[in-house]
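Protein chains in written order, with the numbering used here: chain P, 1 to 688; chain G, 1 to 688.
There's no promise every hint is true.
Note: identical chains are not told apart, hence a pair may lie in one copy or across any two.
[As the list claims (entries may be wrong)] Dumping the calculated DSBU-like pairs for lysine-lysine here, alpha-carbon to alpha-carbon at most 35 Å:
id, residue 1, residue 2
1, K404, K640
2, K634, K372
3, K597, K62
4, K597, K624
5, K584, K409
6, K575, K482
7, K372, K404
Note that these hints are calculated values from the structure, not bench results. Predicted model, so just to flag it, every value in this text is computed and none were measured.
Protein chains: 2
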Amino acid sequence: MDAPSEHYESNYKHMKRPLVTIDANEAAAYIAHHVNEVIAIYPITPASPMGEWSDAWAMAGKKNIWGTVPEVIELQSEAGAAGTVHGALQSGALSTSFTASQGLLLMMPNLYKIAGELTPTVIHVSARTVAGHALSIFGDHSDVMAMRMTGMAMLCSNSVQEAMDLAMISHAATLESRIPFIHFFDGFRTSHEEQKIEQITLDDMRAMIDDDHVIAHRSRAMTPDNPFIRGTAQNPDVFFQSKEASNEFYNACPGIVQQTMDRFAELTGRAYKLFDYHGPDDAERIVVLMGSGAETVHETVDKLNAAGEKVGLIKVRLYRPFDMKAFMHTIPDSAHSLSVLDRTKEPGSAGEPLYQDILTAFQENRVEGFRKFDAEPRVIAGRYGLSSKEFTPPMVKAILDELKEIKPKNHFTVGINDDVTHTSLVYFDGTRSITNGNEKPAGKVAVSGSDKENPSNLTRNEGVFQGLFYGLGADGTVSANKNSIKIIGENTDFYAQGYFVYDSKKSGSMTTSHLRFGPDQIRSAYLIDEADFIACHQFRFVERMDILRYAREGATFLINAFYGADDLWENLPGKVQKQIIDKKIRLFGIDGYKVAKESGMGNRINTVMQVCFFAISEILPKEKAVEAIKDAIKKTYGQKGEAILKSNFAAVDNAVEHLYEVKVPTEVTSKKAMLNPIIGEAPEFVND
Amino acid sequence: MDAPSEHYESNYKHMKRPLVTIDANEAAAYIAHHVNEVIAIYPITPASPMGEWSDAWAMAGKKNIWGTVPEVIELQSEAGAAGTVHGALQSGALSTSFTASQGLLLMMPNLYKIAGELTPTVIHVSARTVAGHALSIFGDHSDVMAMRMTGMAMLCSNSVQEAMDLAMISHAATLESRIPFIHFFDGFRTSHEEQKIEQITLDDMRAMIDDDHVIAHRSRAMTPDNPFIRGTAQNPDVFFQSKEASNEFYNACPGIVQQTMDRFAELTGRAYKLFDYHGPDDAERIVVLMGSGAETVHETVDKLNAAGEKVGLIKVRLYRPFDMKAFMHTIPDSAHSLSVLDRTKEPGSAGEPLYQDILTAFQENRVEGFRKFDAEPRVIAGRYGLSSKEFTPPMVKAILDELKEIKPKNHFTVGINDDVTHTSLVYFDGTRSITNGNEKPAGKVAVSGSDKENPSNLTRNEGVFQGLFYGLGADGTVSANKNSIKIIGENTDFYAQGYFVYDSKKSGSMTTSHLRFGPDQIRSAYLIDEADFIACHQFRFVERMDILRYAREGATFLINAFYGADDLWENLPGKVQKQIIDKKIRLFGIDGYKVAKESGMGNRINTVMQVCFFAISEILPKEKAVEAIKDAIKKTYGQKGEAILKSNFAAVDNAVEHLYEVKVPTEVTSKKAMLNPIIGEAPEFVND
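Next comes chain P alone, as it looks inside the complex (with noise of 0.2 Å):
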């Protein structure tokens, strides 16, 4: 590991406030809690947390910028949730909900007239896909894009702290411009992602919501001391010409958007726009795009300018009200064509949403000259990431590759191999060998443009150490590494950054956790595929699965085994010796199960792994780990008495000792094959 970087240094400077790592759930509903006081929940996937948050803090007393608690209360569905906040707001409280995907659906009735009655709220969406063909728990936009026609405002976060910082943004925008906003980041990738942020003080929120919009949304609150008839009945005659009378506001918003953004950055130092532009001056491709891929989109760019190309990225932020001038004058002079990205699809649609207000702000540049071009961009579309659907910077590479071509593919997908309809652009991803979904030789895939950079470097962050970590479903390896996060961001400078992959369609319910750390802000929203350390937390996966595929050369592997130093090495399958051969690898391993059970913790593992991870990745000197896990260990058992907390620190202080390292042999010698990871039999389709 590098040390923390000059640069890194600089980054963390002007940080006067407490350093968090957390979710992007938890960043939302924090700010949430602190600026309402009626909090109306409903649980959904993944956007639960959210709420559980929230009264969890009721239920401890936490109290708002105001000084009181805010009154938490668990709906029948997301239709009472949406109508409870409609209702509070008429009474004039400030109130504010959480949902996603078919939540989000219940909610729409009400959103419409929360919007309609110009109503300040902010709805905070965890954007999760709506159920088709098949249910899926994971994210895309198209429950967000569903509700773009019912007048709500629409600002997206690309990142865990900007989670926070776009919650805050909304929450003081809404009431200042009257407009109720969605706010929204990508389902799990955003949600479910831990990251060391910058936290907003209650002295922030008090700068950023100014106490005169809140009076004034009091002041139309339905009362009988206040009579005024809202929500009434109209006819034919007068329907229309009301409906119109909004215009004003939404005219409004986005310069009112833009000026608590600004105001924001005097705060802070982190400057947003209505359309943020990341690139050189002169770059000529483009992607636009919203959500967790903008970081990687951000992340690629970077690189491939680095490499001499002329790439840059659009992050759309305000969606809603769509500031057709502003978007036009983000773009460069020098582009000469963009690639627009929804990730969603509307089956029968003449293109996806994004796509289709793009279009729209070009068409009416050419008549009302918002600016001018020398020649104007290219413009085509490109669907990717549907229900959490990996996007990676090989992707982002083939998308810009597509923009060199004459004729560019449009409306391609990206990320999956479409051979019915040909709809999926050739992507090279180096480490895995998969081109356009099918297992291809690295290197041998013709991918369009130029090629010069190993694409496989795409993913490779130098001086970013990347684990991952293989555990059984309940087994405490997710806990113990978003504690081992949390100890690495609270312990160091590094940025921080974990996902956890809870995947339930294989043998054994197998969890991966995914940890980066290291000096520079990290935007890598994909999954780890060059690990430097990779941790198997149960022996039976190495048997069944290829554990080391995703090792990078020189990676550390540490293995919980029922073996010593002596026999783990023939206890491993040949496939295996010779991955550890051929990579370099270092292995280490621990019987896991027997210093737990020595150590008096039965068959929790959890603790004994997490040390062993500190003591070999030296993240932190061993000496200071062991503290901070000891620390960590008294915060969540300290109250359960002092046998718990005896037989944790044994654990500690054990693993550490029975820790070994294998001296790795220069040949394998194990006949172990490999097993096979379904049990019983199964059409070729499942084995594959």
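Since the structure of chain P is provided, determine the placement of chain G on it from the hints.
Relative to chain P, chain G alone:
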């Protein structure tokens, strides 16, 4: 009245089928009932009658084309109805439902599922405003447009005949394409408009519905005999590619719909296209829209072209899947500008949905070259008719005139006066003297473009009888008029149209019946503003409201008065006397309440007034009319006993006897002033 024209007779020559006078709800329900097995209903205005018809028909044992009576089930909400349809479809049954507005929103989660699983069904929608700043029971496309991302196909009917025809086509096309359909028509304006139409026969239905597709649907049923996995939960590994796997079905759908339309045309002679162009080959200015407004535009461009203009319209029928290529080929070569009209408003959007789709089609045409233009037409957008706001020929003319401007107004509104954000087009409504929503002196208004024709002529249809009937809510006026349309429809060769305005916002709860009869198809999807005949069924209306405002010169006025031939004139307000003299109106009176009472009808005046209408208008020979009314009475009251029949028959005969004409004096003599229609004190806004 002119006699039926040659043209008219030729229109009917090929019509071998029964002619029925019904509204679009009945027309759509008639098809739906005959080609389904499970009909799940929940009432919502203006779609409720569809469910009521099916329920009544099922109770009466009316069978579908396969000889079984559909099971009609009323659920607890539209969410339950959609769930029932979804479940029935999965069991292999043919299933349908009817809804509108918030009801459709509640169906949304199931629509995503039904479409995602490629399950054939049709949801018939009487399109209605979604409640926002206010609730409205009236019509626009905000509800169906909110479904455009669900994957449902969307087919729009513009008239009652089309509601029957396209209901048929959608049921046939869904079975072949496996894409479920939303078949919609304008709430109230079409759903509740009575028209004389040709009825599809059961043999037609059998010819249109291919049993092979029904069998294929049944074979996809979920049953233990044929186990199959569907409706699973999918993870990021496979969801995206599975979703793209439906592309071929969506790509094929427009072709299937067109073929289905072609088969329908062979059968019935009524030909439809995905996009129907109407106008001359050399039209320069084109309106694009869907729904009842297209009928008004159709009528208006015919008149404008007859007066030397070069204008046309494109009727959008299949809105989803949106066939860009088919649309581009529909535009005449001569077109230099298009105005795309949306009957919805999506606040904060870059543009309304149809507009954005058409911009997308133009953009992709530039790249794909579906077709070439010497000069690509300009495209502007407008909103009209929200919540059943009137959309009239003068507004159509204003839109077409705007297209002559060097820089036409984009995102305009028409039909209101937006004096805040100034989006409205100025239009000239000669009769009403209303421009841009404000009262102004007729003829003194600057109308853009050529103005040689008196625009007031646009709402005149030569040879068409236009009658206005003012009644009191529940006094039987509307029922009598619906009955009159049926009598005229069934006893003459006239086309007939009836539209009924239930005005709940003015004193006395007035109902206004708008009846048109004539030799040609009636496309006037707007209220009558030049009446040949006006009936006032309540004397107090004439004292309070400007009942004769819409009387044309030489019109006939029938009033139910407590006066006789000698004292009626004196009891009319001076203003009304002046109108009668100035407009050369023939004046008829009857003491309807007296005649009704003496005939044993209590205070039910509907039969009396209906007889007077037939006696004066002579649409039918008086004897034939009397006979038809008596037949209708037998049908309606036959089961209620001899006494009721006798009273009604007496009322018919007495009405003819007591009807009198007043010889209109040449001078105003009455001192009576108009009374204030507002009872009690009210603000200026209400009084106006």
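Going down the list of hints, with the structure as the test:
| no. | hint | result |
| --- | --- | --- |
| 1 | K404 to K640 | neither (62 Å within a copy, 81 Å between copies) |
| 2 | K634 to K372 | neither (63 Å within a copy, 75 Å between copies) |
| 3 | K597 to K62 | neither (39 Å within a copy, 75 Å between copies) |
| 4 | K597 to K624 | within (25 Å within a copy, 103 Å between copies) |
| 5 | K584 to K409 | neither (42 Å within a copy, 70 Å between copies) |
| 6 | K575 to K482 | within (31 Å within a copy, 84 Å between copies) |
| 7 | K372 to K404 | both (22 Å within a copy, 25 Å between copies) |
Violated hints, listed in ascending order, are 1, 2, 3, 5; each of the other numbered hints is respected by the structure.
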